[in-house]
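A.B. asks: Single-letter residue listing:
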Amino acid sequence: MTHHQEGALTGYRILDLTDSKGAYCTRLLADLGADVIKIESPQGDPGRSIPPFLNDDPDPEKSFFFIYRNASKRGITLNIETEEGRNLLKKLIEKSDVLVENYGPDYMDGLGLGYESLKKINPNIVMASFTEFGTDGPYKNYKGSNIVDFALSGVMITSGYPGKAPTLLPGMPAYDAASMIADVEIIAALYTRTAIGSGQKIDVSVHEVARTGLYPWSVPIYSHSLTPGGPLPWPESRLGDSIYPVYPTKDGYIRVIALTPQQWQALVRTLGSPEVLLLPEWENFIYRIGNSQDLFAIMLDFTTQFTQREIWEKGFQEGIPIAPIYDIPTFINSPDASARKFFIKVKHPVIGEGLYPGPPYKWTETQPQIRFCAPLLGQHNEEIYCKELGLSKDDLVILRSAGVI
Amino acid sequence: MARTALQGIIALDFGTGVAVPDGIRLLAELGAKVIKIESSKNLDFVRTIAAEKNSSAGFNETNRNKLSIGLDLQTAKGKDLLKKLIKIADVFAENQRGGVAKHLGFDYESVRKIKPDIIYLSSQGFGGGGPHSDYPAYGPMLSAGSGMLSIWKHPDDPYPVGSNSPLPDHMASKQCAIAIMAALDYKRRTGKGQYIDMAQTEVAASLIGESFLDYTINKRVPQPKGNRCSYAAPHGAYPCTGMDNWVAISVFTDEEWHSFIKVIGHTEWAEDPRFSDLLSRIKNVDELDKQVVEWTSPRDAWEVMEMLQRAGVPAGVVQRAPDTMKDPQILHDKALVELEHPIVGKRLYPNVALKLSATPAVPSKPAPLLGQHTDEICRELLHMSDSDIKNLKKEGVLESPDIQQK
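Residue numbers (this note's numbering), protein chains in the order written: chain A, 22 to 426; chain B, 18 to 423.
You can take every hint at face value.
Now the in silico label distances, taken between C-beta atoms and shown as ranges:
(1) B/Glu412 x A/Pro144: 52 to 58 Å
(2) B/Lys94 x A/Thr385: 27 to 33 Å
(3) A/Asp415 x B/Gly146: 49 to 55 Å
(4) B/Arg237 x A/Gly424: 35 to 41 Å
(5) B/Gly25 x A/Thr103: 44 to 50 Å
(6) A/Pro144 x B/Thr65: 46 to 52 Å
(7) B/Asp403 x A/Thr156: 47 to 53 Å
(8) A/Ala318 x B/Asp261: 21 to 27 Å
(9) B/Lys94 x A/Leu321: 49 to 55 Å
(10) B/Leu60 x A/Ala216: 33 to 39 Å
(11) B/Gly25 x A/Pro144: 20 to 26 Å
(12) A/Ile217 x B/Gly122: 36 to 42 Å
(13) B/Met324 x A/Asp415: 51 to 57 Å
Bear in mind the hints are in silico, worked out from the structure with no lab data behind them. Just so we're clear, the structure is a prediction, and the values are computed from it rather than from any experiment. For glycine and all other residues, C-beta sits at the position ideal for the given N, C-alpha and C.
Generate the whole structure from the sequences, applying the supplied hints.
C.D. replies: As structure tokens, then:
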């Protein structure tokens, strides 16, 4: 029998017990080829109620948030708080390679589904658990949220304008960082499973990973700038505007990265070497940071002579890194995203056709891809419970009535 | 010592900045031997943002647990030595400015001729194949060039400014690590290597996928929401005592709301038509935020976090480095580690965050000085004689640290 290897992880089965906080973890594994089975309670994943919705209609099958982060997965319903539910889960565990969950500390243990129990069912299982603040310690029972975890990550204090409230990054940055670290560990556990002869347990704390993984330089920079007995370093603040300044052009904003004198000189040449920018003090990076408002007022006379793309490309020729600030539609239609066919058409039975961001890379052997759209609630119950676990359709009716699936 | 997950794997880090070097560091923490290919003529640019090339905090953080070979790739002999390293390597990763690896003769096509099953990851800002594939890109340009920055602001900010941290560089680096790990497992199962071309702007865009669906399906250009959330209130960063200190608070459920008003001493708001349920709180969110600010302003951010968390309300200090250094959970988790570096001495770094029960991660070791392991690599991996090494150093092909270690 020839087996067509679709993705790098084709052949692995992953049980996905996460909600919106861990959905990106399993989504990436699914795009890489793993058979990911999303297991929702019969009421559905709360992620189904996160906006935006199709036509602002808050229907559980119409959440863009849900369908984006659960594409490429199959989906079943299962209530693991019932005895029958747990038995069905155990049967699935026998036939799976990985289980991912984010219920929080002790929950799975409380249901008799902790790693020690799972490995008795299947010694090869890799179990990955997300917690907000770790499995133990003073914050063990503290609550996280998207904005709280981002605040604690150390990036937020640097985000936005000085003098205004620090600004949340769009998306789910802390959870996504934790999801990606979990992916690295899950694949490492699969990679080494044959060599060590068993699966293993992986623990990911969102707080720890977000704090040490989103802006890992913050503590080392502070620590490197401390001199014993010397003054404390200046407190971190929001300097995005002055360190990486933003200027308007004819058709949108650009961001300029002039860190070295050479880069600054290249920027001045790009703008036609106007006299006002040739004053020697402007060559000093620290002076530019300190006088960024004055510089902004001077710069706009010159940057507005160009379109985004003109100044970006002329700047490249001269040696100054510039980036266009694309809005959402402009990025979709940008020459690079188009040339790379980054956006992929995916059809969903309720939502219809949309352009999704695809995997952010091109592979020569095993191209990751959005394999199919996100599952409707319980869409694959029959396929998985009947065809793969051998239950009958009558069994499904009983389990449905009993609130098990 | 327990077996590590990537025992026996050799990865060559021909990277600069964050996207590749931070991703490859994770492989080192999983037990791979990671060799940084560098030279004084082609410094990792993060080495240049410091008083001296070995004293950069950013470099010393990003490159922990690696070996460094000082190798001048402008010379024919330097190229030959890299080819010998490629022969014994499993992974080659680069994010030099587009075209640099090819110019040196180390693009994928050349490297696979030396090692047919190599896993070769290349990562540029805008990716290969488009008109701007050779353009350099720093972290703050990735959020700009992906649509992400356009919605990273408060609704009343004149234009978005993002952050002075290099984010989303540190997300791109994690995608690098995921891709290499998956490719390694594929190679383990099939014997095949491959080429992976990653666009860092696309990593950033992937993190806000729902915004692109909102545009392509609802035909609506997503607008920035700042700290507001359409299904929680209060939801934001609120000022506390001291200079520029803030606490983030989010209240989603009724239960959290009732705990919240109890803590702040406004239980009467349970009956107040402006705030009694989520809908009214969202409609009167400006007024609500004003009241929350009034309560947080005279209080310490840590105290607010404690009071609210003990009552079951999600809250967190908007941390700076010194906050993290006293964060009780960070201390409990040993999430920071002091390492002694030969030049900068004892400094604090993030500790290894990977927690695998059967194949534990490798404890942190300080980042290498430029060329710190040149001799070791030449002797042990390339089986060169001491006199050959000495001669190549004289010729400037190989490089060792030129400073006395502490």
